[in-house]
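Visitor: The opening residue of the sequence shown carries number 1 in the numbering used here; numbering runs sequentially from there.
These are computed hints drawn from the structure, not numbers from a lab.
Treat the hints with caution; some may be incorrect.
Claimed, not checked - Quick list of simulated restraints, FRET-style, between CB atoms:
1) 20 <-> 66: 26 to 32 angstroms
2) 18 <-> 65: 22 to 28 angstroms
3) 64 <-> 31: 16 to 22 angstroms
4) 23 <-> 57: 18 to 24 angstroms
5) 25 <-> 91: 30 to 36 angstroms
6) 68 <-> 19: 33 to 39 angstroms
7) 18 <-> 69: 17 to 23 angstroms
8) 19 <-> 67: 37 to 43 angstroms
Predicted model, so just to flag it, every value in this text is computed and none were measured.
Note that the Cβ used here is the ideal one computed from N, Cα and C, for glycine as well.
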Amino acid sequence: MAQSSVRTTEGSLETAACEIERLPEELLAAVISLTSPPDACRAAAVSRTFHPTADSDTVWSRFLPRDLPQFAEGELPCTPLSKKALFRCLPTNRPSSHANSWYLSTY
């Protein structure tokens with residue numbers, strides 16, 4: 001698979017993959033949060049630049065249910081340290097959660 005190259009303002013060639021890595025983290029978080037939990041895990045797996053953004057609380061707070069109640073201590077099977085960890089602690093009886101479980105357990 002050939003990568004496309006772009007010419008920088010200095011005149012040197014860079015791959016298009018490098019260009020996306022120059023985007024601000026806030027923009028990457030906004031884009032990744034518009035996807036799904038498995039897609040966020042894929043983004044984290046394919047790029048060192050995407051990994052911290054795709055795992056951020058900013059992204060994972062968008063995947064949590066809007067009507068998520070406050071949990072009493074000991075109510076969840078684990079104590080989440082992040083929004084992604086909280087998402088993983090939620091009951092798995094949501095639609096399509098079985099298909100998503102591999103990505104969430106792997107990444």
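Visitor: Find the hints from earlier in the document that the structure breaks and name them by number, from lowest to highest.
Guide: As far as the earlier hints go, 2, 7 are violated by this structure, in ascending order.
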